[in-house]
Amino acid sequence: MAPGAASKETAVSKAPSPEKASWFLVSPLVLVLGVFLVLPILTIVTVSFWDYNEYNFFPAFILENYSYLLTSQVTLATYLKTFKFMALTWVFCAVIGFTVAYFLAFHVRSLPMQVVLFLICTVPFWTSNIIRMISWIPFLGRNGIANSTLISAGVIDEPLEWLLFSDFAVVLAFVHLYCLFMVVPIFNTMMRIDRSLIEAARDAGASGFQILTNVIIPLTKPGIMIGSIFVVTLVMGDFITVRFMSGGQSASVGRVISNEIALLQYPAAAASAVVLLITVLIMIGIMMRFVDIRKEL
Amino acid sequence: MEPRSRSFYVLAGVFGLFVLFLYGPILTIGVLSFQGPGGGLTFPMNGVSLHWFFDLFEQQAVGDIWGSFRRSFALGLMVMVVTVVVSVMGGLAFRRRFRGSTALFYLIVASLIIPSILISLGVGLIFNILDFDVHWSTSGFGAQLTWTLPFGLLIMFAVFNRFDKSYEEAARDLGASSWQTIRHVVLPIIAPSLIGVALFGFTLSYDEFARTLLTAGSHNTLPLEIVGMTTNVTSPVLYALGTLTTVFSFLMIGSFLLLVIFLKRRRAGAGSDAGKGMV
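Protein sequences, first through last, are from chains X and U. Sequential numbering from 107 applies to the first sequence in my numbering. Sequential numbering from 9 applies to the second sequence in my numbering.
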């Protein structure tokens with residue numbers, strides 16, 4: 107096509123306004139998120155006020171689903187348990203994630219090496235979570251590697267029963283699955299720290315530890331926050347890890363919902379889901395105060 | 009270069025342990041899936057055999073493993089294509105502000121952080137109320153997109169934030185229409201990142217469990233099939249399946265990464281035609 111001035115003119119006049127073009131470009135996105143995100147949430151909120159019997163659920167406006175949920179001791183206990191899982195997972199993920207990202211960003215010196223090591227950390231993220239949970243069985247089981255090693259080393263006489271199918275196993279699996287969500291954003295933030303700031307700190311006489319606490323950690327906060335948002339929401343909504351790794355013994359908010367679904371108590375499940383959503387949103391609202399996500403991309 | 013400090017070696021050790029923590033368990037079940045016919049779920053190995061792999065091919069009582077694999081594979085490809093296309097379009101749109109862009113941005117973030125079980129429940133409820141049958145290729149497909157699209161879009165946002173706009177200006181100055189600019193300038197430049205988006209789209213869909221749980225219908229995807237197996241299968245056949253599907257994931261990841269390297273190499277080779285005169 108000859109880039110003649112005339113054809114360019116017509117192209118300009120024919121072109122839709124930028125606003126319209128943008129709307130055209132995001133229309134499939136709006137469609138998907140509208141139908142499969144917004145509409146489901148609205149449906150859940152609606153159904154949470156519906157009534158149900160053993161076989162069916164039907165339109166109504168009752169508050170029993172909520173009043174039962176919010177006055178039940180079980181709800182409180184379940185939330186406390188889930189918060190415990192969340193807090194423990196968060197602490198371990200934050201410490202491990204920060205350490206690994208710090209090593210990659212500041213101690214590995216060549217970019218290709220950084221990329222390779224970073225990919226090694228990321229690959230498990232692209233494999234199956236279920237399989238990664240199953241893969242702890244031979245390690246933690248009654249006759250597993252951990253127990254036989256400890257027995258042959260003479261540390262214990264009897265196999266430890268709390269390794270697999272316990273709260274310990276749940277937290278271990280969470281850390282194993284979700285650590286990556288901490289490593290990646292922290293690493294991303296660290297790579298953007300201007301290295302001259304660290305030089306300046308060193309020139310001003312700061313020790314390595316002082317540089318870490320006074321320069322690197324404050325500048326890494328956004329990454330830590332984004333990682334925390336991931337870990338918190340993933341743990342709060344989880345139901346399969348808790349079910350599988352605790353051997354069905356521990357409760358969590360997600361498991362309660364999935365049990366209610368299994369019993370076809372959809373309105374009850376919807377009410378639990380709304381409460382969970384509000385809880386998660388409050389937590390994220392607090393964490394978002396510390397970070398502007400749009401700036402971190 | 010200054011010599012390595014002591015903290016480097018400590019941290020390198022920690023990193024090594026972390027990698028062992030990440031890969032150790034999966035390697036263990038890789039080894040144990042070659043367990044002899046009489047062997048159990050833990051060490052010691054009771055001989056070495058391919059027994060459990062053969063079992064996987066023969067035993068159909070457990071469920072429809074190969075059917076579920078085919079469905080997961082097809083679904084993964086569908087999700088991958090849609091994720092790439094929608095993410096690129098979204099990425100292009102978000103380069104300038106438009107009415108509703110902030111709200112839409114927060115909707116994308118919400119899609120990422122909303123507990124998966126809510127999507128599963130909500131989509132399941134809609135289909136239930138409307139009396140539609142849930143099916144992996146409709147409800148399951150849409151539910152998975154709410155998980156893969158945010159990743160694709162966030163990658164595209166990051167890519168376009170670092171995109172040098174002078175290439176586009178140059179194309180426009182040479183008379184390219186906006187479609188030509190995108191087709192011949194923008195897309196080739198962001199091609200390696202698109203492979204990355206495709207990798208996310210495929211693998212996240214292939215392994216997705218929570219959002220597909222209530223939305224896949226009577227024909228299971230592979231992760232759902234595996235979860236079903238964990239409740240009633242207690243032989244190393246579970247490990248054999250785990251090993252196979254993980255090897256498959258590694259092969260997919262490997263080919264995507266090789267494709268990225270190939271694209272980057274080709275570009276480095278054919279990047280500049282400066283000084284070669286009119287082409």
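Simulated from the structure, these hints should not be mistaken for lab results. These numbers come from a predicted model, not from an experiment. Certain hints may be false.
[Claimed, not checked] Result set (PhoX-like, lysine-lysine): computed pairs, CA atoms no more than 25 Å apart in a straight line:
| no. | chain 1 | residue 1 | chain 2 | residue 2 |
| --- | --- | --- | --- | --- |
| 1 | X | 126 | U | 272 |
| 2 | U | 272 | U | 173 |
| 3 | X | 327 | U | 272 |
| 4 | X | 327 | X | 190 |
| 5 | X | 126 | X | 190 |
Okay, the hints, checked on the actual structure:
This hinted pair does not check out: residue 126 of chain X and residue 272 of chain U have alpha carbons roughly 34 Å apart, beyond 25 Å. Distance hint between residue 272 of chain U and residue 173 of chain U is fulfilled; the C-alpha atoms sit about 20 Å from each other, no more than 25 Å. As the CA atoms of residue 327 of chain X and residue 272 of chain U are separated by approximately 33 Å, the hinted pair breaks the 25 Å bound. The suggested pairing of residue 327 of chain X with residue 190 of chain X holds, with an alpha-carbon distance near 23 Å, which does not exceed 25 Å.
Only pairs whose Cα atoms come within 25 Å are accepted, and residue 126 of chain X paired with residue 190 of chain X is rejected, the gap being roughly 48 Å.
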